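Number of protein chains: 2
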Amino acid sequence: MSNESDVSIEPAEPVGSDLRIRPAGAEDWPLIWPFFARIVEAGQTYAYPLDLTEETGRGWWMEEAPARTVVAVRGDTVLGSAKMGPNRPGRGAHIGTASFMVSPEHTGRGVGRALGRHIVDQCRADGYHGIQFNAVVETNHAAVALWLSLGFQIMATIPEAFNHRERGLVGLHVMYQKL
Amino acid sequence: MSNESDVSIEPAEPVGSDLRIRPAGAEDWPLIWPFFARIVEAGQTYAYPLDLTEETGRGWWMEEAPARTVVAVRGDTVLGSAKMGPNRPGRGAHIGTASFMVSPEHTGRGVGRALGRHIVDQCRADGYHGIQFNAVVETNHAAVALWLSLGFQIMATIPEAFNHRERGLVGLHVMYQKL
Chain H
3 MSNESDVSIE PAEPVGSDLR IRPAGAEDWP LIWPFFARIV EAGQTYAYPL DLTEETGRGW
63 WMEEAPARTV VAVRGDTVLG SAKMGPNRPG RGAHIGTASF MVSPEHTGRG VGRALGRHIV
123 DQCRADGYHG IQFNAVVETN HAAVALWLSL GFQIMATIPE AFNHRERGLV GLHVMYQKL
Chain S
3 MSNESDVSIE PAEPVGSDLR IRPAGAEDWP LIWPFFARIV EAGQTYAYPL DLTEETGRGW
63 WMEEAPARTV VAVRGDTVLG SAKMGPNRPG RGAHIGTASF MVSPEHTGRG VGRALGRHIV
123 DQCRADGYHG IQFNAVVETN HAAVALWLSL GFQIMATIPE AFNHRERGLV GLHVMYQKL
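Listed in order, the protein sequences are those of chains H and S. 3 is the number of the first residue of the first sequence in the numbering used here; add one for each residue after it. 3 is the number of the first residue of the second sequence in the numbering used here; add one for each residue after it.
Just so you know, these hints were derived from the structure itself, not from any lab. Computed from a predicted model, the values in this text were never measured in an experiment. Possibly wrong hints are sitting among the right ones.
[To be verified] Label-pair ranges, simulated between beta-carbon atoms:
#1 H:P36 <-> S:E107: 48 to 58 Å
#2 S:P25 <-> H:E56: 41 to 51 Å
#3 H:D123 <-> S:P106: 42 to 52 Å
[To be verified] A short, non-exhaustive set of chain S residues, derived as facing chain H with CB atoms under 8 Å:
#4 G45
#5 Y50
#6 P51
#7 G87
#8 R90
#9 G92
#10 H96
#11 I97
#12 A137
#13 S151
#14 G153
#15 M157
#16 I160
#17 E162
#18 N165
#19 V176
[Unchecked claim] From the derived model, a few chain H residues whose C-beta atoms are all more than 12 Å from chain S:
#20 P25
#21 E57
#22 E65
#23 R76
#24 T109
#25 R111
#26 A147
#27 G153
Idealized CB from N, CA, C, for every residue including glycine.
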């Protein structure tokens, strides 16, 4: 494992026509926050605190080394964002974890897939032995299908572990891929 | 769920002869830290940061409401400690999680079992729908056997997810019990 090093793969990775994935800087947060807040508020995909402010949201999303936060951009427009880093500290830090969000205005155009691929490639480049997702909402079919197509397996489903805003209690998948 | 209430079950619960489990106060931390540090240093059971100090360790162990930290005591001697609380914030906060440690000088005398029972009873009293353990080291046979005997199931084992100090990479169980 070398996740304390600074192996940054393709910092301006071209994906699709003019979509690029690059490290997120402090100046990107005000452009992430609007869709971050909207997605958390929708209550369908993330178990984050319900009383997030722009400032506390920043702490949940904008990672520090060895973890990373990236943005998917087209020109000056931030279409989505992802974060990745060690799933646990210390003796569990060789397994990575990650999250991603795509702005609801820009879904269905491959942004999520580009971020997903980037996560897998970056975690591999950083030397993680595997990637674990601790809480993929089972009704989030787009995310589940994306991760399955990128090589992840559903290891278990914790029943009724997520309080979906519309569907009530639904399961959370634990997903994993060895790198 | 009512984990923001203050349902404290049997704050001075009698277990065994003169073993009691009670809420941990700030004054207990200096008595927890010696075995906490020893157990983390042993590298067999917990994925905590490797550079813990007494002060940062306090932040990892001494919980604030709605979570709880308790100690198992006999007279003035702290034999072990446990913590419990929501496994996730927001839309995942109705599932509890917990950890416990028994001082290596006092193992094998039912302290772990008493703490385990207390965890299940307290989480039930607090209104959690279930209890999830995210990372039970598969070679920690005493803990695995205890949780199985208290009604938990192994939902999945993430392979090689824990870097055991003596055995190298071993699996981490995700365990769960509906309450």
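Per-residue hint verdict: G45 of chain S, partner chain H, C-beta under 8 Å: Because about 6 Å separates G45 of chain S from the closest Cβ in chain H, which is inside the 8 Å limit, the hint holds.
Interface hint status, M157 of chain S versus chain H (Cβ within 8 Å): 4 Å, holds
S151 of chain S as an interface hint toward chain H, with CB separation required under 8 Å: 20 Å, violated
Hint validity - V176 of chain S Cβ closer than 8 Å to any chain H Cβ: Holds - the Cβ of V176 of chain S comes within 8 Å of chain H, reaching about 6 Å at its closest.
Agreement of hint H96 of chain S with chain H interface, Cβ distance less than 8 Å: 6 Å, holds
Whether E65 of chain H stays farther than 12 Å from all C-beta atoms of chain S, as the label says: 16 Å, holds
Given hint E162 of chain S near chain H, where the shortest CB pair must fall under 8 Å: 6 Å, holds
Cβ distance range 42 to 52 Å for D123 of chain H and P106 of chain S, holds or violated: Since the Cβ atoms of D123 of chain H and P106 of chain S sit about 43 Å apart, the hinted range of 42 to 52 Å holds.
When the least beta-carbon distance from G87 of chain S to chain H is tested against 8 Å, hint result: 14 Å, violated
Hinted contact P51 of chain S with chain H - closest CB pair below 8 Å: 4 Å, holds
Hint check: 8 Å Cβ-Cβ cutoff, N165 of chain S to chain H: Holds. Min distance 4 Å.
Beyond 12 Å from each Cβ of chain S, as asserted for R111 of chain H: 27 Å, holds
Hint compliance for this structure: hints 2, 7, 13, 14 are broken, all remaining hints hold.
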